[in-house]
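*Asks:* In order, the protein sequences belong to chains A and B.
The first sequence begins at 1 in my numbering and counts up by one.
The second sequence begins at 53 in my numbering and counts up by one.
These are calculated hints, taken from the structure and not from any lab test.
Where hints are given, some of them may not hold.
Just the calculated beta-carbon pair ranges, DEER-fashion [stated by the list, open to error]:
1. N43/A / R226/B: 44 to 50 angstroms
2. M195/B / V20/A: 29 to 35 angstroms
3. G32/A / K62/B: 26 to 32 angstroms
Here chain A is said to cover these stretches of chain B; the calculated rule only asks that three of the stretch's residues, wherever they fall, bring their Cβ under 8 angstroms from a Cβ of chain A [said to hold, decoys possible]:
4. 198-204
5. 224-234
6. 274-286
We put the CB at the ideal spot given by N, CA and C, even for glycine.
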Amino acid sequence: MKKNKKTIHRPFFQMGILAVAVAMIAYGTLRGEVMTVFHKATNICLECIGLG
Amino acid sequence: MKIANKLKRKLIQIAAFGFTNSHIGNFMEGKLYIGKWKQFCNPGLNCYSCPAASFACPIGAMQAVAGSMNYSFSFYVTGFLLAIGVLLGRFICGWICPFGLIQEFIHKIPSKKLRLPKPFTYVKYAVLLIFVIILPVAATNYMGIGKPAFCQFICPSGTLVGGIPMLSTHKELRDTIGLLFSVKMTILLGTVIGCVFIYRFFCKTLCPLGAIYGLLNKVSFYHLEVDKLKCVKCGKCVTTCKMDVDPVKNPNSAECIRCGACQAVCPTKAISIGFTSNKISIRKEIEQ
Numbered sequence: 001m002k003k004n005k006k007t008i009h010r011p012f013f014q015m016g017i018l019a020v021a022v023a024m025i026a027y028g029t030l031r032g033e034v035m036t037v038f039h040k041a042t043n044i045c046l047e048c049i050g051l052g
Numbered sequence: 053m054k055i056a057n058k059l060k061r062k063l064i065q066i067a068a069f070g071f072t073n074s075h076i077g078n079f080m081e082g083k084l085y086i087g088k089w090k091q092f093c094n095p096g097l098n099c100y101s102c103p104a105a106s107f108a109c110p111i112g113a114m115q116a117v118a119g120s121m122n123y124s125f126s127f128y129v130t131g132f133l134l135a136i137g138v139l140l141g142r143f144i145c146g147w148i149c150p151f152g153l154i155q156e157f158i159h160k161i162p163s164k165k166l167r168l169p170k171p172f173t174y175v176k177y178a179v180l181l182i183f184v185i186i187l188p189v190a191a192t193n194y195m196g197i198g199k200p201a202f203c204q205f206i207c208p209s210g211t212l213v214g215g216i217p218m219l220s221t222h223k224e225l226r227d228t229i230g231l232l233f234s235v236k237m238t239i240l241l242g243t244v245i246g247c248v249f250i251y252r253f254f255c256k257t258l259c260p261l262g263a264i265y266g267l268l269n270k271v272s273f274y275h276l277e278v279d280k281l282k283c284v285k286c287g288k289c290v291t292t293c294k295m296d297v298d299p300v301k302n303p304n305s306a307e308c309i310r311c312g313a314c315q316a317v318c319p320t321k322a323i324s325i326g327f328t329s330n331k332i333s334i335r336k337e338i339e340q
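Work out the full structure: start from the sequences and follow the hints.
*Replies:* Now the structure itself:
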């Protein structure tokens, strides 16, 4: 009985995580994080190459 | 014609490597691709300071946002990793990650092959917590800007695909080489040696991205199942697994990269990997 309950609820849990993830992406995009990522990714990252 | 799983995986890995590192011409001039795709993250570990990189590194991006003046947490990158992780789990490590492919090629160097003791696999969680989450936010300068500690002190991918090509083409950068570069080169050398003897040494021990996807492996849509009715407990899956996973005991282990090697050797086809669940059909079989 317990096993069936777990099986039935798993997709809801997965969908819940996915919905939270989508909401986080949308919120992060709205507050301008994408530009920070873009700026960092299009300039030489001195820390990454071992100089920073 | 059915392509063997091993060959199929290798072809997809190479295609993913090529797609995410398509600006090969930039190596000659030592410049970065600066197009619009760089605002999106690569699902695998791929330094954005690699001249060929088409996308941003998710671990670097996460630290860059968290360490910036304006934010202390990246909803954009965390949401991206959460979405990819819950959909595919460590399938990304096994099939898409460019640094995973590099490690597999290094492992082909003839040598005695070793297994990694289990406790070392927990180090990556400490790396994720300390170097990716805490230090970029906690260790800030007077302006409130933190540094990407994982990229700065550990990441061998950045040294290999970003550091070496960039320093080879920029004399002004070569002139500033110091102790930090020696430390990172030592870590890179250690990783390469580790990968010769141990399959995906970096993925198993240090990769924070693998740690994130590993945690999500337990709840991901794409998962592994073992039909206990068909399993004859021959142990072939355990001996075949290079990630040291026992699929029968722990089908959704945080270490499983969904390579499909266990599925390919199973004599009774008891192992299935995919998005759909066989639990309902198994239950029906039991009821009958």
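*Asks:* Hint by hint, say whether it matches the structure.
*Replies:* Evaluation of the provided hints:
A beta carbon spacing of about 18 angstroms between N43/A and R226/B contradicts the range 44 to 50 angstroms that was offered as a hint. Taking 29 to 35 angstroms as the suggested C-beta distance range, the pair M195/B and V20/A conforms, at roughly 32 angstroms. Between G32/A and K62/B, the C-beta spacing of about 40 angstroms breaks the proposed range 26 to 32 angstroms. Taking a C-beta to C-beta cut-off of 8 angstroms, the stretch 198-204 of chain B contributes 4 residues in contact with chain A, enough for the three needed, and the coverage statement holds.
Counting residues of the stretch 224-234 of chain B whose beta carbon lies closer than 8 angstroms to any beta carbon of chain A gives 6, which reaches the threshold of three, so the coverage claim holds. Residues of the stretch 274-286 of chain B with a Cβ under 8 angstroms from some Cβ of chain A number 0, which does not satisfy the need for three, so the listed coverage is violated.
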